[in-house]
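Asker: Here are the chains, one letter per residue:
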Amino acid sequence: MLPMRPELLKGHLDALLLAVLEAGPQHGYAVIEALRTSSDGALDLPTGTVYPALHRLERAGLIASDWQTVNGRRRRAYQLTPSGHVALGEQRAVWDQFSTAVTAVLGRRAWPATV
Amino acid sequence: MAGHRLTTKAGTHAQSRVDAYLGELAHLLRGPRRRRARILAELRDGLDQAIADHTTDERTEDQAVESAIGRFGTPRAVADAFAGELATAYARHTIAWYIATGPLVGVWWLLLLQPHPWRTGLLALLAAIPVLPLITVAIATAAGTLATTGRLIRWLPEASPDRALTATIAVAALALVGDLTVITLYLRSAEPAQPLAILAIGASLIRIACSVVTLRHATLMRRNSTPAAPEAPDAGRHDARR
Chain S
1 MLPMRPELLK GHLDALLLAV LEAGPQHGYA VIEALRTSSD GALDLPTGTV YPALHRLERA
61 GLIASDWQTV NGRRRRAYQL TPSGHVALGE QRAVWDQFST AVTAVLGRRA WPATV
Chain D
1 MAGHRLTTKA GTHAQSRVDA YLGELAHLLR GPRRRRARIL AELRDGLDQA IADHTTDERT
61 EDQAVESAIG RFGTPRAVAD AFAGELATAY ARHTIAWYIA TGPLVGVWWL LLLQPHPWRT
121 GLLALLAAIP VLPLITVAIA TAAGTLATTG RLIRWLPEAS PDRALTATIA VAALALVGDL
181 TVITLYLRSA EPAQPLAILA IGASLIRIAC SVVTLRHATL MRRNSTPAAP EAPDAGRHDA
241 RR
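These protein sequence lines map, in sequence, to chains S and D. Take the first sequence: its letter number 39 is residue 39 in my numbering, and every next letter is one higher. Take the second sequence: its letter number 97 is residue 97 in my numbering, and every next letter is one higher.
Extracted from the complex, chain S is given alone in its bound form (with noise of 0.2 Å):
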């Protein structure tokens, strides 16, 4: 499949995000790479999109992060906090939502001219 234009995503981000967390507990990469198979291949998106929105929820304390050693590495990982679940559930419903509508219009086929 292509990926899809990043500001096609515009205002989705943060639940697509929130979504994969919803899993467990995954670091950032780990994350890319989750929205990328899950999408088969929709939703590649640039390094540069996913860190900084990550830190983002972070702030608004949706996800909460943590610091480990793994290999002598130092890792970030993500996690959803219980506001992360409430808000994964609202985003889910205004996406149910949206997308019925959106579906309605784009959905619609014209009738066939008629003689």
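Certain hints may be false.
[What the hints assert, rightly or not] If you want the footprint, here are the derived chain S segments under chain D, 3+ residues with CB under 8 Å: (1) 21–32; (2) 43–55; (3) 59–69.
[Stated by the list, open to error] FRET-style restraints, in silico, Cβ to Cβ: (4) S/R74 with D/A20: 15 to 25 Å; (5) D/H27 with S/K10: 22 to 32 Å; (6) D/P103 with S/R73: 41 to 51 Å.
Keep in mind that the hints were calculated from the coordinates and are not lab data. Remember, predicted model here, so these are calculated numbers, not experimental data. All C-beta atoms in this analysis are idealised placements derived from N, C-alpha and C, irrespective of residue type, glycine included.
Following the hints, put chain D in place on chain S, whose structure we already have.
Answerer: Quick look at chain D alone, frame taken from chain S:
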């Protein structure tokens, strides 16, 4: 670069390529030192992981390094992506410093310039310490910026990095004007010299120096963070996974 922990199989060339990439990125990042160090440590880990993922039977390690670096983007593109975060962090740190140290400077002036006991009320206080309105505006600006760049951004409109830096410049300028005003007023008054004045003037002079440095840094960061012309969607990548 010290601390690089690529896989044990990594060749010298691969390591030096990663070090050069991160070194160039470190040179381009502007903002609080600890925040920059954390960003670089996190990117180094991600880069090491990406190299490990890209190292396959068909690819040499050098190719894997180039591919991983290509996926991360040019140092300039990555630095630009973090510019906003670093600018906001700088604004928050600086404003928190002003809030924390404000009372340490203000208390000496309050003790020194407090109205005579027989004059009471707000007007008397304003007449004795005319910079109080400036302090009020600075506190309101600082509180507003901290609120709209921190945890409350879930509910409040988030301040842009440019706006946070503008607020930092405003707080530093107000502190500078306030300090200069009280020092000038005291020196021009006919008050007899008091030991307390040494503490008050000393504290203000230190803050004036800090405010000048803050104004310079924040102005430079604001100038550099001014958004450039929009880039192509994949502009950050110099290797499209060939």
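Asker: Against this structure, judge whether each hint is valid.
Answerer: Outcome of the hint check:
no.: 1; hint: 21–32; verdict: holds (count 5)
no.: 2; hint: 43–55; verdict: holds (count 7)
no.: 3; hint: 59–69; verdict: holds (count 4)
no.: 4; hint: S/R74 with D/A20: 15 to 25 Å; verdict: holds, 20 Å
no.: 5; hint: D/H27 with S/K10: 22 to 32 Å; verdict: holds, 30 Å
no.: 6; hint: D/P103 with S/R73: 41 to 51 Å; verdict: holds, 43 Å
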